[in-house]
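Using the sequences and the accompanying hints, generate a full structural model.
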Amino acid sequence: MFPHSYVLQYNGDDSVVYMYPGKRSRTLHDHIAINFKTLEQDGLLLHSEGIQGDLFTLELKRGRLYLHISLGSSVVHKVNGRTTLTAGSLLDNLHWHYVTIKRYGRQVNFTVDSQTVTAICNGEFTHLDLDTQLYVGGVIEQNLPHLPTTPNFRGCLENVFINGINIIDKAKREDSEIRIPRKKKMHFACRDILLKPMTFAGPNNYLQVPGFFRRPRMFVKFKFRSWDYTGLLMFTRFADDLGALELGLSEGQINVTIFQPGKKKLQFAAGYRLNDGYWHTVDLAARDNLLTLTIDEEEGSPLKITNPFTIRTGDRYFFGGCPKTNNTIRKCETKLNRFHGCMQHIFIDNEQLDIDIILQRQWGRYAELLLGTCGITDRCTPNPCEHEGRCIQSWDDFICLCENTGYKGEVCHMSVYKESCEAYRLSGKYWSGNYTIDPDLSGPLKPFEVYCKMKSYKAWTVIMHDRVDGTKVTGSSIDQPYIGNVNYWNASWDEVTALANTSMYCEQWIDYSCYKSRLLNTPNGRPFGYWIGRNNESHYYWGGTFREVQKCGCAINQTCTDPKFQCNCDADYRQWYSDKGYLDFRDHLPVRKVVVGDTNRTGSEAHFTVGPLRCHGDRNIWNTISFTKPTYITFPTFKPGTTADISFHFKTYRGNCVFLENSDDQLRNFIRIELNTTHNLAFVFMVGDGILNVTLHSPVPLNDNEWHFVQAELNVKLARIKVDYQPWAVKRFPGQTFVTMKFTHPLLVGSANRTLRPFLGCLRGLRMNGVPLDLEGKVNEEQGIRRNCTGQCLNATIPCRNSGQCIEGYASYTCDCNNTAFDGFYCHKDIGAYFEIGSWLRYNIRKKPVTDEAAWANWIDPHYDNFSLGYNDTADDIEFSFSTVHTPAVLLYISSFVQDYIAVILKTDGRRSSETISLSLTKTSLKLSIDVMQQYNSI
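Counting with UniProt numbering, you get residues 1 to 939 for the letters of the sequence shown.
No wet-lab data here; the hints were simulated from the structure.
These numbers were taken from a predicted model, which means no experiment stands behind them.
Hints may contain errors.
Taking lysine-lysine and the BS3-like style, the derived pairs with C-alpha atoms no more than 30 angstroms apart in a straight line are [claimed, not checked]: (1) K23 with K184; (2) K472 with K651; (3) K335 with K221; (4) K408 with K453; (5) K446 with K458; (6) K331 with K263; (7) K170 with K185; (8) K223 with K37; (9) K651 with K629.
Label pairs and their in silico Cβ distance ranges [what the hints assert, rightly or not]: (10) K408 with G252: 24 to 34 angstroms; (11) Y834 with P523: 44 to 54 angstroms; (12) G777 with N680: 27 to 37 angstroms.
Here a beta-carbon is modelled for each residue, glycine too, at the ideal position from N, C-alpha and C.
Take a look at the structure:
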C-alpha cells in the first residue's frame, strides 16, 4: 500500500453505498480507479443502475474481472446497449491489482494491471444516466443480501475514486453521501489472512507435515491450483507397513493410488481438467475397504472405492513432492513429477493446519516453498498465440497449437501460405488450380482460397462471387434503388481488397442489360445506376471507359444506340440493349455493390452481371530500389507488439553494412539486421534483457552481387534469422522472458544511426509484420536512391540498340526487342522482309482474342465474347522500318468496315533511303508528311 492510501476490508457481508448528489448521476465521461486483493474467485466490486436501462457493474468471476456497461436500452426500438469487457486472470491470488476505467461517450478503456481492453459501447447513446446510488463492495438491502448472480466482495479495497471522489475517505469520515447498510462497523485497514496460501515453485519443492499415528480413519482436505498436467499432490505411508496412499495430478485428473504389500496396487481417477489454474478442492475420506474422494465439494458425485484394503494412518504427510533422503523408514516414494502450483486450507484428520506454527515448532519441514503467497502466473491471458492459435501452459512456460489456423511458428505468427499467385509462380508452382493465399502474410487478415491461372511470365488470380450469373431487377427507383451486394467466395471484403491493392493490374467485367431502364442518365442527369467499390465509394462510370467521366464504353467507341446519349441504356428504348465492358482502374476495385434505380415504370426491367475479379502481378515483390551513395530512408516507427517478422531481398558487393534499424531515444530498445562479414548475417536486438544477437554463418559469400532473401523473426520464445534456403539460425529464450518492442525513432533503412555502416546495393520486397513498405516511394536520385536495380543497364558495355528496352537481371541484363523490327541479344539483327515489285502481304485482324490469357478470360467469363481485340479500337501504335529506291510506294494500308482507314504512302522522289516511322493514331483525322530526303541528309 502507498503511504497515503485509503483501505477498506470486506468480509462478504458488508457494503458501502455512495449516494449521488441530487439522487442522479448523468455523465458524458467517467474516470474510475480501484485497487483490490482477494483470495476469492467471485465478488462484486461496483454496481449502479438507471431506470432507462443504464448499467455500470464491475465484478470478479472465476478470477477474471468483468465490466458491464450500458448507456441505455430500448425494447420499443430494439436497442440493447449492454457491453461487456473482460480483463485480467487469476486475480484471486492475494496480490494487489490496479483497475482503471476511462470512458468518453461510447469509447471505453478498461485497464487491469498492465492489460488494457478498448471497446465502443453498443447502442447510440453517449451519456451514462444512473439513479440514486452506487454500491461499492457488494449489494446489501432488505431481503437482498447480495445480487442474485454475484456474491459480495471478500478482501481489501484501496483508493476507490469515482470521478475524483474518494469513496473510502468519505466512508471513514461518515460523510452524509455515504450509507452503510445495517450500520455495520467497517474496518479501514487490510488485516492479514491467518491461513495464507503457499507456492510450490522449485525443482525440489515439498512440504512435510505431521499426522495422527495409527488411526483407523483418514481425512485429508486441501485446495490447489496449477497448470501442470502431472505432479504429486499428497503422499502418506500407512502405519504397520500396510502400504501407502498417493494423490497425484495426471492429465488434469486426480489419480488415487493405494499400495499394499504383496498385492496389486489399486488406482482410480476423478475430476476433469483440474489443471486450469483455478482453485479446486480435494476432500478424501478413507477407512477399511472404503475410500471416498470428492472434487470441488460436489457431494452428489464422489468417487467411491470399495476394494479390500486396510487403513492405519501414518505420522507424516508429504505435499508437492518427496524429499531427497537416505532414510528408508516411512520414506516418501513416487514416480510422479513434483507439483508446481499453489495450495491452501490443508486439513489433516479434520484439523486445519497452521503452517506458520508447524514450521515454527519444527513439527514439519519444507524446501523451495514460497509461504504466504500464491505465485501462479497466467501466461495464456492475454493469449500470446496469434491468429486464434490455442495456448497451453505449464508452471513456467507455454506452447501454441497452430493446427487449422493457416499459420505456424512458436506463436502462430508466420503464414503457411504465399502472399499471391505471383509468389507461387516464382517459387516454382507452374500449374493452374486452386491455391490459398495470404496477401498480408503475418498480418490480421485470414488466408483465403483463389484460382491461380499460371503462365510462364505472369499469374492471374481469379476470385468468384455470387453475382456472376446475373441478377434481374424490377420495381426500383432513384430514391429507393435496388442495391446488389457482391459477396466474394471464401474471402471477406477486406481480404479481397488487400489482394487488389497488392496486385499490379486488376479488371472486372460489368454488364447492364436494359429494357426501358436508364443507367447513368447521360449526358447531364443524376445517375440512376452506378457501382460501389473500394472504400465504399460510388463511381459513375461504366465498363469500357475511363474513370470518373460518367460515360459508358459505347461513348468511347462512338457506337452508342443514340449519339445524343453516352450509354446505350440511357436512350430509354422499349428494346433490349446493354452497356458492358471491363473496369480496370485497380484503386477502385473490387466491385462491392451495384445500384439500380430505374425499373419502376411499366415494362421496365434490368439485368446486371459482375464478372469475377481478375488480377495479376504483385507490386510488393518487385518494389525495388538501389542505394548508390551512403544514405538512408525513413519510414514510420515500427510498432510490432510482442512479435516481429521482417523479410526482404538484397544484393550488394559490400561485406559490412546495416540493412535496417529501429530504436528508442537511448538505444535501450532496438532491433537491427546487418551484414557483419562477407559470410555472417546478424539479427541484433535489445528488447528487455540486454543486447543479444543471433548470427547466421553462410557457407557462401553474401556480398556476391546476387539476390539473397532474408527472413527474421523475434517473439517471447525465440529469435531467428535465415537467408535463402539455408537453415534457420535460432536463439531460444528462457520460459520467463518478457519482450518489449517500444520504439520511438523512425525506422531507418540503409544504415544504422543515420549514416553508420551504410548499405550500398539493391533492396526489394521489404515487409515488416506482413506489411509491405513502399521503397520506390522513397526514390531520390540526388541522394543516391534509384528506382529498380539499374546498375547494369545504366553502365552497359554494349547498350541495347534500335530502341530495345534494357531489362535488369540478377548480375547482367537482357534486351527486350519485342517493340522493334530487330532481334538478337542487343536488338542489332534486322528481321525485315524483301518485297519484289507487285508483291504484298495481307493480314486479317481477328475479332476475338487469340492470346492464351484472352482465351482463359473467355473461358472464365462468357461476356468476353463481346469484347474485341483489334476491332473498334480507339488508338493504334504502329512502328516499322523500311528501305527502298522505288517511289511512289504504299508502305502500309489498314481498312475497316466503315470509312476509317490508315495509310502510310511514300511519295518523295530521290535516292535510296532508310527510315523508321512511329505513329500513334486515334479517331481524329490525321495527315502526316515526312521528308525522307531531308531526314536522310540530317543523319
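Inset, instruction - Could you work out which earlier hints the structure fails to respect and list their numbers in ascending sequence? - result: 2
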